[in-house]
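Note that the protein sequences, when read in sequence, are chains A, B, C and D. Sequential numbering of the first sequence, starting at 0, is according to numbering that gives the first Met the number 0. Sequential numbering of the second sequence, starting at 0, is according to numbering that gives the first Met the number 0. Sequential numbering of the third sequence, starting at 0, is according to numbering that gives the first Met the number 0. Sequential numbering of the fourth sequence, starting at 0, is according to numbering that gives the first Met the number 0.
Note that these hints are calculated values from the structure, not bench results. If a hint is listed, it holds; no wrong ones were tucked in.
Each pair may be met inside one copy or between any two copies, as identical chains are not told apart.
Listed next, the in silico DSBU-like pairs over lysine-lysine satisfying Cα-Cα at most 30 Å (straight line):
# : residue 1 : residue 2
1 : K409      : K429
2 : K353      : K429
3 : K353      : K291
What follows is each chain in one-letter form.
There are 4 protein chains.
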Amino acid sequence: MFLEIVRSSGLAHLSYILGDAGKAAVVDPRRDHDIYLEIAAREGCLITHVFETHRNEDYVVGSTGLAAATGAEVYHGKQMDFAYGTGVTEGDSFEVGSLALSVLHTPGHTEESISIALYDRGFSAEELVAVFTGDALFIGDVGRTDFFPGREEEMAGLLYDSIFGKLLPMGDSVILFPGHGQGSICGGNLAPREFSTLGFERRHNPALRHAAKEDFITAKTAERLFMPGYFERVHTLNQQGPPLLPALPAPLPLDPASFEDLAGGGTVLDVRSKEAFAGAHLPGSLSIALDKVSSYAGWYLDYGKPVFLVANTAGEVAAAVRYLVRLGFDDIPAYLAGGMFKWEVSGRPFGRMKAVHAEELVAMLDAGEDFTLLDVRAPGEFEDAHLPTAVNVHMGELPCRLEEVPRDAKVVTFCGSGERATIAASILLKNGYENTQACFGSMAACSNLGCPIETGVDR
Amino acid sequence: MFLEIVRSSGLAHLSYILGDAGKAAVVDPRRDHDIYLEIAAREGCLITHVFETHRNEDYVVGSTGLAAATGAEVYHGKQMDFAYGTGVTEGDSFEVGSLALSVLHTPGHTEESISIALYDRGFSAEELVAVFTGDALFIGDVGRTDFFPGREEEMAGLLYDSIFGKLLPMGDSVILFPGHGQGSICGGNLAPREFSTLGFERRHNPALRHAAKEDFITAKTAERLFMPGYFERVHTLNQQGPPLLPALPAPLPLDPASFEDLAGGGTVLDVRSKEAFAGAHLPGSLSIALDKVSSYAGWYLDYGKPVFLVANTAGEVAAAVRYLVRLGFDDIPAYLAGGMFKWEVSGRPFGRMKAVHAEELVAMLDAGEDFTLLDVRAPGEFEDAHLPTAVNVHMGELPCRLEEVPRDAKVVTFCGSGERATIAASILLKNGYENTQACFGSMAACSNLGCPIETGVDR
Amino acid sequence: MFLEIVRSSGLAHLSYILGDAGKAAVVDPRRDHDIYLEIAAREGCLITHVFETHRNEDYVVGSTGLAAATGAEVYHGKQMDFAYGTGVTEGDSFEVGSLALSVLHTPGHTEESISIALYDRGFSAEELVAVFTGDALFIGDVGRTDFFPGREEEMAGLLYDSIFGKLLPMGDSVILFPGHGQGSICGGNLAPREFSTLGFERRHNPALRHAAKEDFITAKTAERLFMPGYFERVHTLNQQGPPLLPALPAPLPLDPASFEDLAGGGTVLDVRSKEAFAGAHLPGSLSIALDKVSSYAGWYLDYGKPVFLVANTAGEVAAAVRYLVRLGFDDIPAYLAGGMFKWEVSGRPFGRMKAVHAEELVAMLDAGEDFTLLDVRAPGEFEDAHLPTAVNVHMGELPCRLEEVPRDAKVVTFCGSGERATIAASILLKNGYENTQACFGSMAACSNLGCPIETGVDR
Amino acid sequence: MFLEIVRSSGLAHLSYILGDAGKAAVVDPRRDHDIYLEIAAREGCLITHVFETHRNEDYVVGSTGLAAATGAEVYHGKQMDFAYGTGVTEGDSFEVGSLALSVLHTPGHTEESISIALYDRGFSAEELVAVFTGDALFIGDVGRTDFFPGREEEMAGLLYDSIFGKLLPMGDSVILFPGHGQGSICGGNLAPREFSTLGFERRHNPALRHAAKEDFITAKTAERLFMPGYFERVHTLNQQGPPLLPALPAPLPLDPASFEDLAGGGTVLDVRSKEAFAGAHLPGSLSIALDKVSSYAGWYLDYGKPVFLVANTAGEVAAAVRYLVRLGFDDIPAYLAGGMFKWEVSGRPFGRMKAVHAEELVAMLDAGEDFTLLDVRAPGEFEDAHLPTAVNVHMGELPCRLEEVPRDAKVVTFCGSGERATIAASILLKNGYENTQACFGSMAACSNLGCPIETGVDR
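Bound-form chain A, shown alone (with noise of 0.2 Å):
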């Protein structure tokens, strides 16, 4: 047999493919599904079952164009209504060489959730060896239960249920396959690590410290996730069954004129460095560093607009595509061919970002400088530890809190480490706060200077 993690960067997303004797499944494939074709060839399987754990909200699904380019069946939880696939539930098993893979029933995140229990019959045909979780139990976290409104408790009992009452007793030596790893929005705070066993995590995950039905919902209640807006679509695509994409979208190397004309329809997306778009940008761009482009593009993205993308070569041209469309972005009809230089030897005039490092971040906190110091980080990062004066403002919520920004003072985004507080900054040039810096380093960098740090809520 064999398994390969099938990782998507940025999504945090991690798909399965696994196989045996000629055949082969997946369990939630993205959408650029030409990787699971390639692994599948190599060893010489054909892929005949698809699974998915749940209706993904962060990510299109690429089941449907996997079952078109092999015919394999698609399969996911029968308490959804989906236009596609055949819906299971508790017990159903399917066979893959000698491999078998049975359902389990485990919602919270979504109603329809599965796992997936792995059997390799040749050892055990009683004892799993591996379950697929999906955005049920994460390594270091659960999933989120909060997507149903005014049922957050409801969804957490479940959650509960699920885990401790059918996961968790399958036995500590269970290794966990879960749909996320570290970074995903789907769950506050997984661990950085990929491998773990259903002991491990019942001992040392501490989202499953509430052995308590209670206290894990008062927890899970608790929590305050963000929630883009992008989700609503992701969530109508997967569950009607996204367009097909014979071929990735391929846009066109524009000169900076026909670019110049073309983008104003749309928005203009910097797929490069935060340094590279601090030192010179398309003005009006939104800077996105192009492993971000998968964890925020669908923040700030509209879909009823094209994208036009600017980076350092058709590499990462190519790369921001498929970011994109992963998140259901599929209209990029061109890039700026050639990148800034040929925007800047045509004459046009750039945008600059003054980036500001730590030590003088403190400095102008001690001069008592008149500025804002925009931190951008979600509320509980915030309330753990922020600088002094900092205001927050959460990066996903910016586009409709401008107005809590002032005008007439300089702003200093700041984040964890740099990368978010760009982006926001992007956002404020865009929307004409001229006076905008971000602080590379940010929270790190201060921590790491031992800057002074309060905590508790913004004011």
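Position chains B, C and D relative to chain A; hints supplied.
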């Protein structure tokens, strides 16, 4: 400016992409056009012009696909009725940055053939630096003029006028960029060299040694070049515009049982090496080693039947798919997962083909053994030199001339090196000639050994 | 943190690189250590620790090379005298970012064998999450204990204590990272699965079914595993530290004449597929298909003689070089440029090996044909099931037991699938057994066909 | 036969590998010679001949390395005393399969310069088809003749004789394969085109417009080309044979603290884009974007000091190493692991460089702002066109002419497009010019905007 030659091996097809200042032109693109997009992207150029030097017969063009991907305009000679693109004629000129591309009407190979003169206007707006000659003038040869039955003399005369009247007079120092290199079926005897000038060709191209038009025509009409049946289909596709392929076909990996079931309705094409085919192969399969697929698959495959592949690796399958698509074979549903190994361990019987080396063959001849020595080379090659007792059936005609090959005796196929002999042997095996062997090394080995050689036509 | 498994196919060797916070550790690196540097670079880590779980016998370690490239320290069990590195013992512990690596002395396979417990201190400083077990405990098997002649019982007893006394008590939920996967010669019957836990192994590993020490010892000492001669050389290299290789050897492409001249003084190793070898091969060459080179080259090649390669492509040559270097064969002066094709067209004679399929073999047996059916599998495999009339000479012993193979009759070699049979057949051909054939498909095909099977030892 | 051009970007260096019938020759190999081995292997050829058209000054040759790897013989002009290889002279001829390579002595650039005439004897043994001209004759220019102080006229005269007396008379139809393409420092004004003929050059090469020898000499001796200091070191290395590199240097990934510690003793080279450098950089680092390293690193780095790299990715580090080795900088101990991001989050301060666009610059000029507009282009470029108030210090001379740049006012560096301006700005910043800015777009942008332009030499 940049200019890059894109070679399609097997077809010995040469296409070109050149560009300047953000724009690029492509000459005679192949159907899997991704490579032009990649080069253009690397060069920061948008492809705006696609030229077809003539209606190609040996491969399916990528013009329409490339136009669909980029918005480029397609240009070809106006003397033929194409279902797409724009007709151009002598003197039409196009600018690509500092380059100028100027059309010459150079009929002969086809009626609407054009050549394209390239000017680097930064150096000279009057004197061209190079010319794309399509299938009019090659390095070491000229194009075929036998595509219009009954009009051979007329076409040869047109070609003479095109070459002697238009191309050569452009000047000795002009660099030649032809449509094919050595090994193409579109000419008889192309040089194994990719660079030349009109001057060098004028003096040393064997096909241009006849300065008198009537001698040139006599020589051309005396040529007997093979005309594979698939040319007609390719003609039609290229005139109407071939079906667009958003992505290359992705055949499925099937286990021996499923493969055997399905493959009965199509052709099993074995692209492994001739040695591997000799060692063990699927009974009834056609052997064309991967690097010969472009050259020969069109001769034997049926456009109405699906192709099923046997290869060593998934990478070889992907390459074979690419080669087949270039010939217009898009229906490739599956390949044998795990290759011959899986077939063997399934317990299914396999075929063998004995490979004979030159010493053995000579010994057989010396001993007066009773067998058919079947030389499958072109008649011209046979005439130049062949072994005693050899009979000549050109490999392309073999399927229609099987009755000329005795069924009651051993057959040893023979060619220039063993490659074509193996293809022919696989056809004989497929048709029930159980005692078929192929001479690996063939004429090359015999020459190196100093075997007895005869000349003249087959009796 | 990150952890990546580096697989060396053929050897079924598993090595590991893991890291955190800019530092990385490697467990049991292979000799061509470039891959660890690449992974470390990708993860932004400096390799600071290299662990050898034991003195390996089946491959040459990359510890000293990796240490030279990075400045890392090498650690191994202190019970053996190494010419490099630092001896460690039970309880020694090392920090790599938030990870802790703690040494367990787990002898049995060798005296100085260690296991390495992995702690993720962000989650638990007391409970390990995984353990690197080297060749003590595999998934589905345990390590060999037959490396110290006369001390087999003692070593088996030590291994029992290591596993039952130290490893298993660490807890059911601990994940297992062993030194080998399925196919390794360092154990008998490893599982075709790469993930497991101590709990799952405790209950389902066939080698652990004997809870009583004496039964375990009895079972281990009854094993008859093959001990290739090259182990001794590898032992020495690994204890003294193998020669450093600043770069992999780069054999020269030679034409047939030069190749023939030089190769006389060494071994010609043909790494093409068994089918290609069957079709045509250099007389006197040893056939080991590329993916079997790591497994079997050490059994037949002579450390004192240069190796000359026959392959299909330069890429295959490079892979073969890599595999040979892993075994300590560094003297690889040349390969046949252009492969078999150039040999054939040079007019040189080539050999053939007839491949027999299972149906044919059964028909030969049914017809009472006079031939030697030479089953070259391990004695244990032979005992479990073999064809009637088969004689058993283990392929590893074949060069020394040729006198047991009659020279006057046809020989058909036989194994599990045809791969080992072909290696053996090439050895017979090399030694003058002209009428040697190999059964492709072998026992697997016979099983699928339902051929008559016998059990028991060879007469 | 095959011929492939190997380009070393940055150096605009063109080397060539060509072969036939199992043998290959290389002309002017670069030091990282792996690519020639790969091409030769792909073509099934053994490299047997290496030609150096002259003692190169701008890059370290790979002849000795290639000879060590293949056993090839190295050939160069006999008029110079090399510590390796074989001296050849006019008329020496070498056969490579059906090709003949014949030596012409074509001094002028250096005394021992040779050109190599290429004959394809299958077509003509008398008329050459192409010529490798080294640094004698380029496309659009001729070689420098200023390497022998005091002998400029003599060398220019020699070059005239070589070109007008030997090369051009070989015939208009001969194809030119020169040693450099556009962008090389070995000529003044090479064409942006890679293919030409002696005929086209004779008529359109601006450097050949002087048919009279004295005019040619006058023009050549009037050239003022920059002579970077590293040429001398490269001269020595190339004459003595550079140190062999069994493998490229592999700098270690160091964390900010270790990097900072070590880098103090060397030069920190930042190969990120100029925009990224502008946004944030290590204080005191030298900015040369990756694709400019080959061109400019030799101008500023010190052979006696180690180089420490700042890059975005490990891939960029590897590319930078390759470029540095081509210039003879082999001591590259480390790079900053994790790049700028790790530096920033460590809390260390970073530098910034303000990028000014053309509109802003013009506005500053219009407003009569007090600042130094430092144009760092070559004097000839400056004379052709520069902005009002600009002062000219060639970037190569900047480190020695810092006293000409006032320290009390803002400096804006300026060049053709902003790339050289950034390198110069980084040198000013490194030297304490805190108020240094660079004009991105520079003259190209100004031209596109229609800014006021002046001509003539700097005051």
